[in-house]
Each structure stands twice: as structure tokens, then as C-alpha cells.
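A.B. asks: Residues per chain are reported as follows:
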Amino acid sequence: MRWFKNKDTLYGFLVILPSLVLLGIFVYGFIFQTFYTSLTDWGRDPAQALSANPQIRFTGFENYRELFGGFVDARFRQDLFNTFYFTLFFILGCLGLGLTLAIVLDRGPKGEGFFRTVFLFPMSLSFIVTGTIWRWMLQPQGGVNQLPTLVGLPRGEFGWLTSREQIWQVSWNDLPFFTALVVGVVLAFVAAAAFRGGERRRGWIATGSAGLLLLWALTLGRTLQPLPFDEMHGFNLAFIGIILAAVWQMSGYTMALYLAGLRGIPEELREAARVDGASEWQLYLRVIFPLLAPITLSAMIILGHISLKIFDLIFAMAGPDNAPTDVPALLMYITTFRANQIAKGAAIGTILLLLVAAVIVPYLYSQLKSEVRR
Amino acid sequence: MRKWLFTLAAAALGSLALAQSGRLEIFSWWAGDEGPALQALIDLYKKRYPNVEVINATVTGGAGVNAKAVLKTRMLGGDPPDSFQVHAGQELTGTWVVADRMEDLTPLFQQEGWMNRFPKGLIDLISYKGKIYSVPVNIHRSNVMWYVPAKLREWGVQPPKTWAEFLTVCQTLKSKGLEAPLALGENWTQQHLWESVALGVLGADDYSKLWTGQLRFNDPKAVAVWNTFGRVLDCANKDASGLSWQQAVDRVLEGKAAFNIMGDWAAGYMTTTKGLKPGEGFGWAPAPGTAGVFMMLSDSFGLPKGVKNRTNALNWLRLVGSKEGQDAFNPLKGSIAARTDSDPSKYNAYLQSAMRDWRSNRIVGSLVHGAVAPESFMSQFGTVMEIYLSSRNAQAAANAAQAIANQVRLGQ
Numbered sequence: 005m006r007w008f009k010n011k012d013t014l015y016g017f018l019v020i021l022p023s024l025v026l027l028g029i030f031v032y033g034f035i036f037q038t039f040y041t042s043l044t045d046w047g048r049d050p051a052q053a054l055s056a057n058p059q060i061r062f063t064g065f066e067n068y069r070e071l072f073g074g075f076v077d078a079r080f081r082q083d084l085f086n087t088f089y090f091t092l093f094f095i096l097g098c099l100g101l102g103l104t105l106a107i108v109l110d111r112g113p114k115g116e117g118f119f120r121t122v123f124l125f126p127m128s129l130s131f132i133v134t135g136t137i138w139r140w141m142l143q144p145q146g147g148v149n150q151l152p153t154l155v156g157l158p159r160g161e162f163g164w165l166t167s168r169e170q171i172w173q174v175s176w177n178d179l180p181f182f183t184a185l186v187v188g189v190v191l192a193f194v195a196a197a198a199f200r201g202g203e204r205r206r207g208w209i210a211t212g213s214a215g216l217l218l219l220w221a222l223t224l225g226r227t228l229q230p231l232p233f234d235e236m237h238g239f240n241l242a243f244i245g246i247i248l249a250a251v252w253q254m255s256g257y258t259m260a261l262y263l264a265g266l267r268g269i270p271e272e273l274r275e276a277a278r279v280d281g282a283s284e285w286q287l288y289l290r291v292i293f294p295l296l297a298p299i300t301l302s303a304m305i306i307l308g309h310i311s312l313k314i315f316d317l318i319f320a321m322a323g324p325d326n327a328p329t330d331v332p333a334l335l336m337y338i339t340t341f342r343a344n345q346i347a348k349g350a351a352i353g354t355i356l357l358l359l360v361a362a363v364i365v366p367y368l369y370s371q372l373k374s375e376v377r378r
Numbered sequence: 340m341r342k343w344l345f346t347l348a349a350a351a352l353g354s355l356a357l358a359q360s361g362r363l364e365i366f367s368w369w370a371g372d373e374g375p376a377l378q379a380l381i382d383l384y385k386k387r388y389p390n391v392e393v394i395n396a397t398v399t400g401g402a403g404v405n406a407k408a409v410l411k412t413r414m415l416g417g418d419p420p421d422s423f424q425v426h427a428g429q430e431l432t433g434t435w436v437v438a439d440r441m442e443d444l445t446p447l448f449q450q451e452g453w454m455n456r457f458p459k460g461l462i463d464l465i466s467y468k469g470k471i472y473s474v475p476v477n478i479h480r481s482n483v484m485w486y487v488p489a490k491l492r493e494w495g496v497q498p499p500k501t502w503a504e505f506l507t508v509c510q511t512l513k514s515k516g517l518e519a520p521l522a523l524g525e526n527w528t529q530q531h532l533w534e535s536v537a538l539g540v541l542g543a544d545d546y547s548k549l550w551t552g553q554l555r556f557n558d559p560k561a562v563a564v565w566n567t568f569g570r571v572l573d574c575a576n577k578d579a580s581g582l583s584w585q586q587a588v589d590r591v592l593e594g595k596a597a598f599n600i601m602g603d604w605a606a607g608y609m610t611t612t613k614g615l616k617p618g619e620g621f622g623w624a625p626a627p628g629t630a631g632v633f634m635m636l637s638d639s640f641g642l643p644k645g646v647k648n649r650t651n652a653l654n655w656l657r658l659v660g661s662k663e664g665q666d667a668f669n670p671l672k673g674s675i676a677a678r679t680d681s682d683p684s685k686y687n688a689y690l691q692s693a694m695r696d697w698r699s700n701r702i703v704g705s706l707v708h709g710a711v712a713p714e715s716f717m718s719q720f721g722t723v724m725e726i727y728l729s730s731r732n733a734q735a736a737a738n739a740a741q742a743i744a745n746q747v748r749l750g751q
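In order, the protein sequences belong to chains A and B. Just so we're aligned: 123 in this note's numbering is position 119 of the first sequence, and the numbers increase by one with no gaps anywhere. Just so we're aligned: 491 in this note's numbering is position 152 of the second sequence, and the numbers increase by one with no gaps anywhere.
It cannot be assumed that every hint is accurate.
Taking lysine to aspartate or glutamate and the DMTMM-like style, the derived pairs with C-alpha atoms no more than 20 Å apart in a straight line are [claimed, not checked]:
1. K644/B / D372/B
2. K490/B / E619/B
3. K411/B / D49/A
4. K490/B / D372/B
5. K577/B / D49/A
6. K500/B / E663/B
7. K468/B / D49/A
8. K468/B / E493/B
9. K385/B / D316/A
10. K595/B / D49/A
11. K459/B / E619/B
Stretch-level coverage of chain A by chain B, calculated; a stretch enters the list once three of its residues show a Cβ under 8 Å from a Cβ in chain B [said to hold, decoys possible]:
12. 21-33
13. 43-57
14. 95-106
15. 208-222
16. 280-291
Everything labelled a hint here was simulated from the structure, so no lab data went into it. What you are looking at is a predicted structure, and each value in this text was computed from that prediction instead of being measured. Positions of the beta carbon are idealized from the N, C-alpha and C atoms, including for glycine.
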């Protein structure tokens, strides 16, 4: 009853109560409902899919099993690869281009304010607008493909959004092996870093898990086969166009982030480094880039969750039916609202949520921890 | 944003004022080119029932891709529109009738004397367990091949009669420097081509058996469809996925391609938008191997259970099914009337020929346009197409199609 005595606490609680209740129902309640739906067979029987009082049976993780190991859900598995590569190149592109632009602008060229606005401007457009413009520019017969003709070269032939070419193909059955391998190697790096930092306990735990994973990958990992046959997935070249448009839109934003970071680095630090005899290149490599690391992390988180959830850009650029440029969010929409497979759609939604959570939660955790430390 | 708020407010007000009746909400995806046809029907309705306020709830998007999603949320949310547009056949039965969401319209059909005004094949298609659930307003034909007669004369070829002949003609045209004799467009038009190939290869009997489960998709006969389809695709343009169906038709009109397989809304596009004369500016033939068979699709209106304005909705259905209503709607829409007694003089040359075929040909239903398979199969058929296009493996595609058919209990 102590909090009751403190009137401020009571008022504070009352003020946040409405948003707590609304969030509880409309965010967490619906997340739970979606998750529950994904464990049922809602939509499996057409007679029950859209009836007024559908009879829904609990089927456990059947939908997930089908998505990852079922015969007909190859499209979902390819979509996971698409999301992975899209996220990778989108983040790399935005960070690279954003950092370059920020460094150039930071050196104070003429008309800096003008260029800053120009580079930041694409961000103020919605993805639908960006998508529509780029859709026109990437038409096979026109736009970008016509550019070489300006300098007398033959017209480009690349099918920007329609190409069916796929590179870096991997069999879905090899995926558990590769995942374990990559995670194991990452853990080994974590262990090495921990030992160098003097955190012995953490180091040993990381070494242990890395060893276990690698051992599993090399012995049992090959025998785990989700599919009875090899199903090849890879990077769809049609995604290059989408990545181009997305980087065009968001790199201005990373530029702004980096520019703020660069401006926040005190001039004294640079001067001190120069006095110590650092070359310009060393100055950036040893002083400025390490100081920009937290900004890189924030940018990666923000860009990462945009790219995992991307829907509108691709919807506008290629439509929901163009399989070479499909992503899980689009598939979720089609599965739920066209095929009436409501439970399977919910399962895809849940997987998307988990993917985004895997990016966001560690970030929030580290942020909260550092705040407490402060 | 403002506009949205405004519509929201209007919708809220609308639901408040329900008590006064005198309203009718029509839900469809007819906007743009097809808007005037719907408006003609609504105008007729207003003339008959001046006191009823008609709300035209249109959700744009070709073939109703967006409208269907909105409709589902409304139906699940317990707010059905008074009457909605739906493709006649399994798209209605497999989704809404089996879910017990529609009213039986058999009494309306008997009362209006429609039982022998619509062809029997069509009535069978809109019936489920002997009851009729929707009123078809128009008929489109899916298996039509379009070309430009003057160009064909120039190249010295005839419209092919079978798919084997088509492949020969394709080689001839390729040798004359035509890179892609067949013009093809985005995803769904590829499936559209598939159904014409399937009908041509299998024939009407076996084609129909696919949808009743009597012929399995992995039967050698059905696998052969994919093989032919693959060779037909080799005659098509490589940038298909980037083109809308109109752009694919344009390729034929520009002489960059010789043929295009598309539903007969293409005739509407070429006469209205392009200003061409049927028979001169463009010619048509049944898709190869499908002469004497009319692969139909039809838009229809049904009556959901629990609507707010049932009497008005029934009046709407009476109008939609009447000769007057259909003859007002169809010439504008570029389709023919579902009734067999409509007035040919109101239609152009292409539509008159389609009407003759409609009355004499064998009728089968379209897959892509919702007549023969439920949505759950139809939308996953895109995945099958994907498996085929990326692997070019006929057996794998056939197996996937059968797996999906089992999963959605096709034909059961």
C-alpha cells in the first residue's frame, strides 16, 4: 500500500493506464491471438474458413512443419532466402552510401546544405511512390535499360524485376549444417573477444557452445534433412532492382545519422590525432569509425526491421504475384486473404515477428542495460 | 488522410442511419474502364426505385485482388454488403456457400422464370447441392486467340487450329525474324495461357474431370499439358512478367508478336481504347485445339445472409438478372449477356460472334477466373506455376498441383 500514499505514483499510473490497456489488447493481445491461430487448422477446411462460427481445431506446430518441410511451401522457403539477401544488401548499401555521403558533406563542400536536403529528400516519399517511380524506370524496354543508348552502346537487356536467374544456390537440406557452422564461428569470435577482454567465464561459455555446435554440424548436422529431395534456393537477381530502389530511398537517412555523428566528434580529437602523426586515412580508421560504431548499430537495427517487414515497396514495384521478388510479408497477405489459409498466414506472420524480435530484442536489452549502468 | 477520415465518418453516419432503410450497398471491383457499365445498372435501378439510395462501394484492383480481401474482412466482421460481385462458380461456392454465408436464390430464379433463360451449363456452375446461389450478369470467354489479320497475311500464316500447329507456325515466324511470336504478360496471364493449353491438350471432357477429381494432375495425360505449355512458352517474350495484359495486347497490335491468348475483355480494350474495328483491326479465333468449346467466366451477384436491406438487395438481383439490365450493362462492359434471349443488335461484331458460340458451344469453366476451382486452389496454383517456371520440370509441377488439390480437397 505504500505506492498508494505517494500521490505522484498513483497519478502517474492512472495516466499511463489507458495506453497500457490499449497496448495490452491491440498489440500483445493480438500477437497472442495470431500465435494461437497459427497453431490451428483454420482455413484447411474451406467450409470452415470463412463461416460465421468456424470450427477450429488445435493442430500444434503442423503449419510450421509444413512451411519448413512441406512439399508445396517451396515459395515460403525461397522467400526466407530473399529476405535474407535483401536485408544484407540493403543494410550494406545504405550504410556504405550513407557513410560516404556523410564524409563528403562533413568536409564542408560548397552548397552543403543544398546537397544535404537533396540526399535526404527521398526519405520523405512513401515507399509506394518510390516503388511506382522505380517500376517505370526498371521496365525491361525502357528507363534504365535505355541509358547505354545515350552514349551509343546497345540497349541493356537485363530484366530488372522479372529475371529468373538465381545465383549462390544452396539446397534447403544443407541449411541446418550451414546455420550451425556460421553461428559456431560467430560464437568462436565472441569467445576470443571475451578472453581478450578478460571475461574468462563468458569466454568459456561461448567456447563451449561454439564447440558443441560445430561438433553437431560436423557429425549429425548432415543427417538432418527437412525435405526428402534437394530443393535449391539462392539469390534472385530480380531483387537487384528492389535493393536499388530501397537503398536510394533510405541511404539519405543513414547519411543524416552519420553526419550527426561526425559533427558530434570534437575537433580536438582529430587535431590530437593529427599532432600524433596520424595520416588522414589512419585518422578515419582508428579514431572516427570506432566513434561511429554506436550509430552504425542503431542504423542497422532501424534498417533491419524495415527490410524484414518490407511489403509496400515490393507491392508497388512488382506486384504481389511476381514470385522472383516475393517476401514473407507479401506471401502472408496472399496466403491469408486470397487462399483463405488463415492459420498458415498467421504462422508466417509469427515467423516474421520472431525474425524482427531477433534483431530488436538484443538491441533493446543492451540499451536498457547501459542505461541502468549509467 | 482527410479523404479517408471523411469516408470513415460517412461510413459511421451510414451505419447510424440504417433504421430508415431505403439504402442499398453494392460491393464490386468495377472502376475505371468498367465503371460506366456498373453505373448504367445503378441508373436503371434508381429509375425503378427512386427512393432507394444506392451506395457504390467499389474497391479497385484488377480481377478483384484487393476487393476480395476487403470483402473477407467485412464478412468476418459481421458487416456484409447488401450484394457483392463475385466470379460465378467455385469462387463463390468454394468460399462463401460452403461456409453457409449465402442465401439460396432458387425461389428467385423460379419466381422470375429464369430457369430456362440461362444455359443449363451455367446454372450447374452456380449451384451447390441443387440450390442456386448467385445471379450471373455477364459472360466472358477465356479461350480466345487474338491477332492482326493484315499482319498474318504479310507473314503468310494462318491462325493455328491445334497446339501442334501453333508450334510449327511459331517456328515459321521465328525464322522470319519474329523473336517472340506469342505475346505474354504478367503472372496471371501466364496461368490464363495454361488453362487454354490444358483445354486444348486434354479436350473438354478430361479438362472438366481435373476439377471433379476424376483425372489426377499427375496423370500422364495432365503431365503432358505442362510439356506442351513449356514449348508454347518458348515462343513467348522473355520480359513477360513486366507487362500488363494490355501491354501484351499492344505487342500484337504493333506487330512485335503475332498472337496473344487473352479473355475477350481484350476485344473491349481494342475497340474502345484503341479504336479498332473488330474483324479488320484485329481478328480472333478460339485458342488452338479449343474450337467448339466456350471456356467461360462470369461475374455474378449474390445475397449474403444477414444483410441490412434484404428487399432492396433482392430488387437489385431481379434487375441484374433481367434482360433489360443485362443489355444495359454488357455492351458497355464488353461482355455478352448470360441470358440466352438478349438483343444482338446492341452488341458489336465480336460480341455477336461470341453470343452465337455461347448458345451453341460446349461450356466449360475457367480456372484462373474462379469458375472451376476454389480460391484456396486457385491462389496456390501460382506456386505450381512458379515451380514449373523455375525448374521446367513437368512432373514436379504436376505433383505439386496434385498435392495442393489433395490439401484443399478439390472436387470433394
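A.B. asks: Each hint: holds or not?
C.D. replies: Here's how the hints hold up against the structure:
A C-alpha spacing of about 31 Å is found between K644/B and D372/B, which places the hinted pair above 20 Å, so the restraint is violated. Taking the CA atoms of K490/B and E619/B, the gap is about 11 Å. The hint holds against a cut of 20 Å. At most 20 Å may separate the alpha-carbon atoms for a hinted pair to count; K411/B and D49/A meet this at roughly 16 Å. A hinted pair counts as satisfied when its Cα atoms are at most 20 Å apart, and K490/B with D372/B does not qualify at roughly 28 Å.
About 38 Å separates the Cα atoms of K577/B and D49/A, which puts this hinted pair outside 20 Å; it is violated. Restraint check for K500/B and E663/B: the C-alpha separation of about 37 Å exceeds 20 Å, so the hint is violated. Of the pairs offered as hints, the one joining K468/B and D49/A holds, with about 18 Å between alpha carbons and a cut-off of 20 Å not exceeded. Our distance criterion of 20 Å between C-alpha atoms is broken by K468/B and E493/B, whose separation comes to about 53 Å.
A C-alpha spacing of about 39 Å is found between K385/B and D316/A, which places the hinted pair above 20 Å, so the restraint is violated. For the hint pairing K595/B with D49/A, the CA-to-CA distance comes to about 46 Å; that exceeds 20 Å, so the pair is violated. The hinted pair formed by K459/B and E619/B fails the criterion: a straight-line CA distance of about 34 Å is larger than 20 Å. A stretch counts as covered by a chain when three or more of its residues have a beta carbon under 8 Å from one of that chain; for the segment 21-33 of chain A and chain B the count is 0, and the coverage is violated.
Coverage of the segment 43-57 of chain A by chain B holds. Counting CB-CB distances below 8 Å, 10 residues qualify, and the rule asks for three or more. Requiring three or more residues with a Cβ within less than 8 Å of a Cβ of chain B, the coverage given for the segment 95-106 of chain A is violated, as only 0 such residues are present. With 0 residues having a beta carbon nearer than 8 Å to a beta carbon of chain B, the segment 208-222 of chain A misses the requirement of three or more and the stated coverage is violated. Note: the segment 280-291 of chain A has 0 residues with beta-carbon separation from chain B under 8 Å; the three-residue rule is not met and the coverage is violated.
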